[in-house]
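Colleague: Protein chains in written order, with the working numbering: chain A, 1 to 80; chain B, 81 to 300.
Possibly wrong hints are sitting among the right ones.
To be verified - Taking lysine-lysine pairs in the BS3-like style, the calculated list, with each CA pair at most 27 Å apart, reads:
#1 B:LYS180 / B:LYS109
#2 A:LYS24 / B:LYS109
#3 B:LYS177 / A:LYS11
#4 B:LYS177 / A:LYS23
#5 B:LYS219 / A:LYS30
#6 A:LYS11 / B:LYS180
#7 B:LYS177 / B:LYS83
#8 A:LYS23 / B:LYS109
#9 B:LYS219 / B:LYS258
#10 A:LYS30 / B:LYS177
#11 A:LYS11 / B:LYS258
#12 B:LYS258 / A:LYS30
#13 B:LYS83 / B:LYS109
#14 B:LYS83 / B:LYS219
#15 B:LYS109 / B:LYS177
#16 B:LYS83 / A:LYS23
As the list claims (entries may be wrong) - Here are some of the chain B residues that sit facing chain A, going by a computed Cβ distance under 7 Å:
#17 ASN131
#18 GLU135
#19 VAL151
#20 GLY184
#21 THR212
#22 ILE224
#23 HIS227
Please keep in mind that the hints were generated in silico from the structure rather than gathered at the bench.
Just so it is clear, the structure is predicted and the values come from calculations on it, not from any experiment.
C-beta: ideal position from N, C-alpha, C; glycine also.
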Amino acid sequence: MIGIEIPSFGKHATQATISRWLKKPGDTVKRDESLFEISTRSIDCEISSPASGVLVEILIPEGATVPMRTLVARIREDRV
Amino acid sequence: MRKCEFRDLGRMAWREAFALQQDLVAERKAGTIPDQLLLVEHPHVITLGRNAHEENILAAPEILERAGIAVEEADRGGDVTYHGPGQLVGYPILDLKEWKRDVGAYVRAIEQVLIDTLAVFGFAGERISGMTGVWVSGKKAAAIGVHLSRWVTSHGFALNIDTDLSYFRYIVPCGLTKPVTSLRDLGCWASRAEVVSVLVDAFARAFDCEVLEAAAVEAR
Numbered sequence: 001m002i003g004i005e006i007p008s009f010g011k012h013a014t015q016a017t018i019s020r021w022l023k024k025p026g027d028t029v030k031r032d033e034s035l036f037e038i039s040t041r042s043i044d045c046e047i048s049s050p051a052s053g054v055l056v057e058i059l060i061p062e063g064a065t066v067p068m069r070t071l072v073a074r075i076r077e078d079r080v
Numbered sequence: 081m082r083k084c085e086f087r088d089l090g091r092m093a094w095r096e097a098f099a100l101q102q103d104l105v106a107e108r109k110a111g112t113i114p115d116q117l118l119l120v121e122h123p124h125v126i127t128l129g130r131n132a133h134e135e136n137i138l139a140a141p142e143i144l145e146r147a148g149i150a151v152e153e154a155d156r157g158g159d160v161t162y163h164g165p166g167q168l169v170g171y172p173i174l175d176l177k178e179w180k181r182d183v184g185a186y187v188r189a190i191e192q193v194l195i196d197t198l199a200v201f202g203f204a205g206e207r208i209s210g211m212t213g214v215w216v217s218g219k220k221a222a223a224i225g226v227h228l229s230r231w232v233t234s235h236g237f238a239l240n241i242d243t244d245l246s247y248f249r250y251i252v253p254c255g256l257t258k259p260v261t262s263l264r265d266l267g268c269w270a271s272r273a274e275v276v277s278v279l280v281d282a283f284a285r286a287f288d289c290e291v292l293e294a295a296a297v298e299a300r
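Could you put the whole structure together from the sequences, leaning on the hints where they help?
Modeller: If you want it as structure tokens, here you go:
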């Protein structure tokens, strides 16, 4: 299982809002495919999947504002 | 060295420039064009970012309409901002996979471009912790709001050259009750062409790329 975190944008943001989930639990995802969008004071950004597999669980819903580095989802990786 | 095509679109409506950005983002994702830097000046427009609070538009719709100010929704970070004549708006469309896969570094580099540009005209632009944009003596000289999709950037920055600052009274810029300024307000009479030339050089340095003028795009 891989945990998906909100990345750090350095000093530019201490927190981010999940503006939209582009996948739902149970969906298959490919590596580098966009999973969700986050929004900070100056940055609006799609976050892509670090691996191919299945999105098992979403921990933080749309609209929630959380600190950077927060764990927001889990992906079960495809066995290669 | 990486190449970046630069086009000065002159005056173009926000919506038209947004459509052009979207086309170029799609082409950049497909790898059919190199990095792009669009420079443009918009007619009066208020744009709302993803985190926009409508209460940060201070005037009623009919007042804005009478003043000739359009209102548009933008898929960038940030709150409410104003664009208008005398403002140099820049939209870099870069594939960060070919530079640094680092969103924070990207925004820092944009800030550096603006700080270096202001420095050439004798002003000490600075970052203020926890706030976006570039500031001179506590006043905001340039705003930043970016969008990233699969590491390709869009939207960007707006630097006030000789913007009529009274138009900012219609909004709370970026949700902050801080004053705005412009090169003219700071006592500098540099022309748009001079600022463009300096900014393009600063951009090439900050992103370590060669900036080449693209074939002229028909601008209105």
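Colleague: For each hint, tell me whether it holds in the structure or not.
Modeller: Quick rundown of the hints versus the structure:
1. B:LYS180 / B:LYS109: holds (16 Å)
2. A:LYS24 / B:LYS109: With a Cα-Cα distance of about 24 Å, the restraint between LYS24 of chain A and LYS109 of chain B holds, given a limit of 27 Å.
3. B:LYS177 / A:LYS11: holds (21 Å)
4. B:LYS177 / A:LYS23: holds (23 Å)
5. B:LYS219 / A:LYS30: violated (45 Å)
6. A:LYS11 / B:LYS180: The given pair, whose Cα atoms are some 17 Å apart, holds under the 27 Å limit.
7. B:LYS177 / B:LYS83: Distance of about 14 Å is within 27 Å: holds.
8. A:LYS23 / B:LYS109: holds (21 Å)
9. B:LYS219 / B:LYS258: Given pair LYS219 of chain B, LYS258 of chain B holds - Cα atoms ~7 Å apart, limit 27 Å.
10. A:LYS30 / B:LYS177: holds (18 Å)
11. A:LYS11 / B:LYS258: holds (20 Å)
12. B:LYS258 / A:LYS30: violated (44 Å)
13. B:LYS83 / B:LYS109: holds (16 Å)
14. B:LYS83 / B:LYS219: Violated, at about 34 Å.
15. B:LYS109 / B:LYS177: Holds - the C-alpha atoms of LYS177 of chain B and LYS109 of chain B are around 11 Å apart, at most 27 Å.
16. B:LYS83 / A:LYS23: violated (35 Å)
17. ASN131: Given a least distance of 5 Å, the restraint on ASN131 of chain B holds.
18. GLU135: violated (17 Å)
19. VAL151: violated (18 Å)
20. GLY184: holds (3 Å)
21. THR212: holds (4 Å)
22. ILE224: Check passed: Cβ of ILE224 of chain B comes within 5 Å of chain A, closer than 7 Å.
23. HIS227: With a minimum Cβ separation of about 5 Å from chain A (threshold 7 Å), the hint on HIS227 of chain B holds.
This entry does not satisfy hints 5, 12, 14, 16, 18 and 19, going by the numbered hints stated previously.
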